[in-house]
Each structure stands twice: as structure tokens, then as C-alpha cells.
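*Asks:* Please build the complex by placing chain B on the supplied structure of chain A, with the hints as guidance.
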Amino acid sequence: MFARLVYESFRRQKRRKLLAGTAITLGVTVATAMIAVATDIGDKINRELRTIGANLIVTPQEDTLDVEIGGVNLKPPTDGAFLNEADLPKIKGTFWHNNITGFAPMLPVPVTLEYGSSSQNVTLTGTYFAKQLSFGKETFVTGVRSTYPLWKVDGWWPDDNYSSVLLGERLAARIHWHALTAVKLAGREFHVRGVLSTGGPEDDQIFAPLSVAQEILGKPGAVRRVYVSALTKPEDALARRDPKTLSGPIYDRWYCSPYPQSIAFQLMEAIPHSHAEQIRQVAQNEGAVLTRIEGLIFLITLAALFASALAVSAAMATAIFERRAEVGLMKALGAGKLAVASIFFAEASLLALLGGLVGFGAGAVLAHQIGRSIFDSQISISPVLLPVILAIAVIVTFVGSAAAIRRAVNLDPVFALRGEL
Amino acid sequence: MFLRMLVRAAVLRRGRAASALFAMVVAAAVATAMLNLYVDVQAKLQREFRNYGANIVLVGKDDASLPAGTLAQVDSVLAGRGVAAPFGMIVARTGDGQPIVVAGTDFDRVRQLDRWWSVSSWPSTPSEIPMPRAEDAREMGHPALVGVRALAAVAPRNQTFDLIFQGRTLHVNPAGTVQTGAAEDSRIYISLADFVAWIGVQPSSIEVAANGSPEEVAAVMNQLAQAIPAADVRPVRQIMEGEARVLGKTRATMLAAAVLIVLTSALCVLSTLMGWVFDRRRDFAIMKALGASGRLLNGFFAAEAAVLGAAGALLGFLVGIGLAAWIGRANFHAAVAPRFTVLPAVLAGSIIVTLLSAIVPISMLRRVQPAVILRGE
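Protein chains in written order, with the numbering used here: chain A, -3 to 417; chain B, 59 to 435.
One chain only, chain A, in its complex shape:
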């Protein structure tokens, strides 16, 4: 009897059920999409912030002082210590290897540039552009193209396995370089693949594959420093503590959080005789910007959840209020308050579940679209959230209908049937 009442109510009042159902579906859609965006926004913005440049630097432990002005290193090139190129793939073996979006080794070497009639001393920096490396069974591509995505090349990026170079923009202008002509560096002819523009001191330099710089320097396998780009978590009080003073469980928590400090710590463990630290200009500000944007989206998500909860309860209240005559009839036929209320609640939960399911699907699609159109990447929502969303939908629908249902069961059937309320 109860089931039939509910079933018939859905069958006969399709328009009303559709209206209330649509409200619930839309509400759940918005809520799902916003939750998906809010949970993913940190990662997305973090990746955008990574375009500003590497946030960690690895240098040899026992290095002499850098003597660097405006990107020109005046330190004797063979002076000081070097890192070993063979150790670099180990970066992908650290605990946070999935958070490391790329790394690029640098080896600056002073060379004499001869082009046409001019000859001058410039810095040639050996690096990876987009080098294929392998660690264990994993192969990956890394280099300045992943650590500095905003660097622009007029022409083509050189291949890491050939001896072609990039000229810095200002340097190219200074020597009046013409496209398609080679330059002579350290007595050898080099093909120039393109002109590099970064807006920084790199514009005065020459960039070449790492092996070329090592050859000119006569130190195979040598790397002066490594820039690492990693997705990190904003620094908090725990992050700033010295790992040596931390005890067991707190140390584990420190070690297993992607703070700039703990990733630097793991880089030092992975690369022998190295010193890693955060580049504060990038790492510190990144944390601040990220915290602000995450906080903002979180508050907006709360507003969205609130608005959709309100929309759902408004629709439910209206739907129930319209059925006073029905309630009057049921009560006139002897139905108790409990019976009437349970019918309404059963209908509400059925609507909420249906609307919730459809809304969850629609919300996932919406989130996907937002991700595609704004961030050019996926925003996916984990199916684990489905029961949570359904539960929220049912609760909101219940709470939204509660006041209307209470008023409905307290109706005097006489007035309700006469339509005088």
C-alpha cells in the first residue's frame, strides 16, 4: 500500500516531480562540480605557478663561492666541485618523484664566440632541453622545456644529442646574427637552431646540450647545479622545523609532506655530496599565492553548496505545499501524522537519490569541461565521492522539506480540502 502510494504519486504527478527533481539535480550538479574544482584547484594552480621557474636548486656540497653578476659567472670554470651527471636520474627515485615535474642541470662555461669579424667572451651554458632519461624501468623526458615553460625560442629547440646551440636574444642582436648561419665557439663551428628569449640573464648567453659544455670544459659528466621544479605544499610551522630535532612520528609526517624543505632533504639523500635548498623567491611566494587561491575557492565552494542547498529546499517546500488537498484527503481517510510524513519523506529520498545520481554525473561532466576549458587538463572527480554527495543530497532534501512536511501533517483536513489555506 505504502509503496503503491509512492509509486502512483510519481506516476500521476510527473510535472511536479520533474520540477522538484530538476531542482535537486541542478543543485547536486553545481555542488559536485564545485567540490571537484575545489579539490583540484590547488594542484592546477600549483602547476601554473611552476611556469615561473624551478623552486629548488641542487649544488655540490663543498662548492666554492659563485662569483656571478648579471648571469655571467666569473669564477674560474674548473674551480670548485661538481655534481655527477650519472646521479641525476636518481631524482626520479625519491619519495616525491611524482611531484617533481622536471629538472634541468646547468654547466656554465666561458667561451670565445667568433662570428663574422667580431669575437667576444660569453657564457655557454650546457643543459638538457628535453632529454630522455631512464631510472629503473621508468623513462621520462626532462630539461629546461619542462622547468621553464615560458622560455621562448625563435626557431627550433636543439636536440640534446647533437651539437647545435641556442643564442640568447640580446647576444644575437649584439653580434648581428643572421638566421641559418653557424657561429664559432671555442674554435669549433656550431649550428644555431634558434634564438632564446627569457627576459632574464639567459638572453646574454649561449645554451647548448650538456655534453657540449662538458666537452669544452674537458670534464665529462660534470654538472655545476641542478634546477628542480616540484609541486609543493605551502610551508607551515612544521615545515620550518629542523628535521634533526624531530622525533619519530613527527619526523615521518615532515618527511612525507611535500614541503619544499622535505623535498630538498630527499634530493640531498638521492644525490651524493649535494646540497639542495629552496629558491626562496619562487618557493616562498608560491606558497602564499597558493594558500590565497585555495582559500578563495574553498569559500566560494561553500557559497555554492549553500546556494544549491537553498534551491533544493525551496523547490521541495513548494512541491509539498502544493499538495495540501492530498494531505487533507489522506488525513480525512484516517491516515496518522506519521503515515503522511513517511510518505513525503520516502518520496523526498527517492527524488534526492535520483536527482543526486543524475546530478553527480552532470557535475562530473561540468567539472571536466571547466578543467578542459580553463586549465587544459582533466579535473576528474573520484567515484568515492558519490555516496557522500548522495548522502548530502538526501540530507539537504530532508532538511529542506522538513518544515513544509511539518506544516502539511499539522493541516486541518477540513480547511485543506476546502482549499482555504
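Careful, some of the hints might be misleading.
Covered stretches of chain A (chain B as the covering partner; in silico rule of three or more C-beta atoms under 8 Å from a C-beta of chain B) [as the list claims (entries may be wrong)]:
no. : segment
1   : 16 to 28
2   : 192 to 206
3   : 283 to 296
4   : 299 to 311
Once the Cα atoms are required to be at most 30 Å apart in a straight line, the calculated DSS-like pairs of lysine-lysine come out as [unchecked claim]:
no. : chain 1 : residue 1 : chain 2 : residue 2
5   : A       : K86       : A       : K240
6   : A       : K229      : A       : K86
7   : A       : K240      : A       : K88
8   : A       : K88       : A       : K180
9   : A       : K133      : B       : K307
10  : A       : K148      : B       : K102
11  : B       : K119      : A       : K71
12  : A       : K88       : A       : K133
13  : A       : K215      : A       : K71
14  : B       : K102      : A       : K229
15  : B       : K102      : B       : K307
16  : A       : K229      : A       : K133
17  : A       : K133      : A       : K86
18  : A       : K229      : B       : K119
19  : A       : K86       : A       : K71
20  : B       : K119      : A       : K180
21  : A       : K148      : A       : K229
22  : A       : K215      : A       : K133
23  : B       : K307      : A       : K148
24  : A       : K88       : A       : K215
25  : A       : K215      : A       : K86
In silico contact screen, one side only, chain B against chain A (beta carbon under 8 Å); selected entries [claimed, not checked]:
no. : residue
26  : V88
27  : S244
28  : G349
Source of the hints: derived by calculation from the structure; they are not laboratory data.
Here a beta-carbon is modelled for each residue, glycine too, at the ideal position from N, C-alpha and C.
*Replies:* For chain B alone, kept in the frame of chain A given last:
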């Protein structure tokens, strides 16, 4: 009569009118807050991004020093729209012949410009302490900010040391250390006055953090280039483009969220108001039975909806401004200034939504005979 009907309608059905108004206020408040934040978030985030430091760099053309009054010129161009710090750099040698980069700068300005510098203690500015006599100064050493790596190399015990440049010696006292993870760690920073007195050259570059949108920064760059022909004015592209990307994406996300939220709140208002109007089909039928024309009825319900919409929008606007200000304070630690430009949009939107939610049920009811409605069918 018309007015009395409007007032009585609201007073007699207080409960339902109040719930309709409540829905309206909430919807308008949320919409106002979202629009306000959307307009303001750019300025707020730009301020965060200025902590990345300079977005414009001035260097002397052909590596020459900048003329003496350049910093003052930069300041007058900026006129409070940013911070500028001068830098002069040379390679000096320590007492044992080790080359080291020494930079002269203005500590107060650097402190504002490069907030990420982790400094143990900033050398006090000359004005804060009484000027020591010349021989005392020579004894104590000129205060310097020493990079952590430089300190380990030249003054591991934090002792005073000598710097030599072209035969001229400067006695330096490490007043504090600086750590940045970049080239600064290997340098020694001294005050610009000491630097100029020691080397006799003016700073060679000025780093500028200009506030505002990309267009405003570009305008500042243009003005700087015109005012100071001796300098090459370059944008720090890495920072400017990264900032533009993050801001663009955040604003786009905000916009998507704002559209969703405004739509949901409009839906809420729509369903509440439609219920309210439907509910009053008996009033409608009685008026019609008593001979009210279709135009009068439409006018009556439309006026009612418009009044409700306007009242809700105004109240909601006030609540929304409060909400936006609270979010600004909670998240950005700075109030979001109320934007009254948002008010017309919210007002118009609210009235349109309420009119829509009144007209749909009325046009449905108009086709029904009053007798049918009054019989309660």
C-alpha cells in the same frame, strides 16, 4: 487601491511573503558577493604577486652606470605605484685574495622589494643610530648583509673582515646574514653610501616592482623609458607572464563558479516565487470574478514581483557586501571594497528573475476559468 492591495497582499500572507523575500535576499547577497569578489580578486592577487619582487629592471645602456639622479627620477615616475631598489655590483677580493661579489644597495628598499629574503637581522639604517666618528667607523667596520655561503667562506666566526677593490680597502662588519637559495647567498651587500664612497661609481641597475594590472605595468615601463633615456628598461618576463597566467586561470574559475552560483540562486528564487504566485490563485480568481481586466491583474502581480525583487536585491546587496568583505578579510587579510557598480546589475537581475517567476504562473492561470479555481480544482 492598487497600493493597498500590494501592501495587504504582503501583510496578510506574511509567512509566504517572508520566505519569498528571504530567498530573494539570499540569492541577491550571494550574487553580489560573487560579483564583488570577481571584480576585486585581481587586485588582491596582484598584490600577492608583487611579493615575487621586481617586474621591471633598469640597467645602464652598454653596461654603463646609471646617472646619479636616476633613482629619484624612478621614484617620481612611480609616484607611490611601486617600490624601486638600486643595485651596484663589483667583484672585490677578500684579504686572502678570494674573489667575491660585493653589492651596494638601499637596505630599506630591498626589504620592501624582496620580501622572500630570509635575513637574520637587517643592518640598521644610518639614521637610526648616531653617526659614529670616522675613526670609530673604521674600527667597527661598515655594516654589511652577508650571504650565508659568503659568510662561511670569508667570516666563519662572524668576525670583521676586509674587502679590497683596485687597491682600496673596505673594513666590513657582518651585521646579518641573508639566505635566498639563489645568487644572493654568495654575495655581500653593503649600503649604497658605503659602496659609492668606496668604489666611486653609481649603481648600475634599479629593480622596480610596479603595482597594478599588466597594462598599468606596461604604462610604467613606457614612462620610465621616456624619463630615463640612459637606461635600458626591461620587463622581468618570467614573473609577469607567470602572474598573468595564474591570474587569468583563477579569474576564469571564479567566473565559472559565479555563473553557477548566480544560476542556482536564480533557480531558488524562481521556484519559491512561482510557488507563492500559484498559491494565490484564489486571490487571482476572485479579482478576475469581480471584473478585473487582464492588464490590471498582470500589472498587479508584476508590480508585486518587482517590489519584492527590488527590496530583496537592496537587502541582499548589503548582506552580500558584508559577505564579500568577510571573505576578503578571512582570506586576503584585506577588506574587499564595496563596488556600487555591481548594484544596478544585481537590481536588474533580481527584478527580471522575479518578473519571470510571476509571469509564468499568471499566464498559465489566465487560461483557467475563475470558477474552476474557486471550486478548488
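*Asks:* Does each hint fit the structure? Answer for all of them.
*Replies:* Each hint tested on the structure:
1. Note: the segment 16 to 28 of chain A has 4 residues with beta-carbon separation from chain B under 8 Å; the three-residue rule is met and the coverage holds.
2. Counting residues of the segment 192 to 206 of chain A whose beta carbon lies closer than 8 Å to any beta carbon of chain B gives 4, which meets the minimum of three for the stated coverage.
3. Counting residues of the segment 283 to 296 of chain A whose C-beta lies closer than 8 Å to any C-beta of chain B gives 9; at least three are required, and the coverage claim holds.
4. Judged by the Cβ-Cβ criterion of 8 Å, the segment 299 to 311 of chain A is covered by chain B as claimed, because 9 of its residues qualify and three suffice.
5. Restraint check: the Cα-Cα separation between K86(A) and K240(A) comes to about 23 Å, which is no more than 30 Å; the hinted pair holds.
6. A distance of roughly 22 Å separates the Cα atoms of K229(A) and K86(A); the hinted pair therefore holds under the 30 Å criterion.
7. Our distance criterion of 30 Å between C-alpha atoms is met by K240(A) and K88(A), whose separation comes to about 24 Å.
8. Between K88(A) and K180(A) the alpha-carbon distance is near 36 Å, which puts this suggested pair outside the 30 Å criterion.
9. In summary, the hint linking K133(A) to K307(B) is not supported, as the alpha carbons are separated by about 36 Å, beyond the 30 Å threshold.
10. Note on K148(A) and K102(B): the hinted pairing holds, with a Cα-Cα distance of about 29 Å set against a maximum of 30 Å.
11. Distance check on the hinted pair: K119(B) and K71(A) sit about 25 Å apart at the alpha-carbon level, within 30 Å; holds.
12. Using a Cα cut-off of 30 Å, the hinted pair K88(A) and K133(A) holds, with the two alpha carbons roughly 11 Å apart.
13. Proposed proximity of K215(A) and K71(A) is supported: the alpha carbons are some 16 Å apart, at most 30 Å.
14. At roughly 21 Å between alpha-carbon atoms, K102(B) and K229(A) fall within 30 Å of each other, so this suggested pair holds.
15. With a C-alpha separation of about 15 Å, the suggested pairing of K102(B) with K307(B) holds against the 30 Å cut-off.
16. Distance restraint check for K229(A) and K133(A): the Cα-Cα separation of roughly 28 Å lies within the 30 Å cut-off, and the hinted pair is therefore satisfied.
17. With a CA separation close to 12 Å, the supplied pair K133(A) and K86(A) stays within the 30 Å bound.
18. The straight-line distance between the Cα atoms of K229(A) and K119(B) is roughly 41 Å, outside the 30 Å bound, and the hint therefore fails.
19. Taking the CA atoms of K86(A) and K71(A), the gap is about 28 Å. The hint holds against a cut of 30 Å.
20. Straight-line distance between C-alpha atoms of K119(B) and K180(A) comes to about 27 Å, which keeps the hinted pair within the 30 Å bound.
21. Restraint check for K148(A) and K229(A): the C-alpha separation of about 28 Å stays at or below 30 Å, so the hint holds.
22. Between K215(A) and K133(A) the CA atoms are separated by roughly 28 Å; this keeps the pair inside 30 Å, and the hint holds.
23. Our distance criterion of 30 Å between C-alpha atoms is met by K307(B) and K148(A), whose separation comes to about 21 Å.
24. Proximity of K88(A) to K215(A) is assessed by CA-CA distance (about 24 Å); at most 30 Å being required, the pair is judged to hold.
25. Restraint check: the Cα-Cα separation between K215(A) and K86(A) comes to about 21 Å, which is no more than 30 Å; the hinted pair holds.
26. Taking 8 Å as the C-beta contact cut-off toward chain A, the hint placing V88(B) at the interface holds, the least distance being around 5 Å.
27. The closest approach between the C-beta of S244(B) and any C-beta of chain A is roughly 4 Å, which is under the 8 Å cut-off, so the hint is satisfied.
28. Taken as an interface hint, G349(B) does not check out: its beta carbon lies about 22 Å from the nearest beta carbon of chain A, beyond 8 Å.
When each numbered hint is compared with the structure, violations occur for hints 8, 9, 18, 28.
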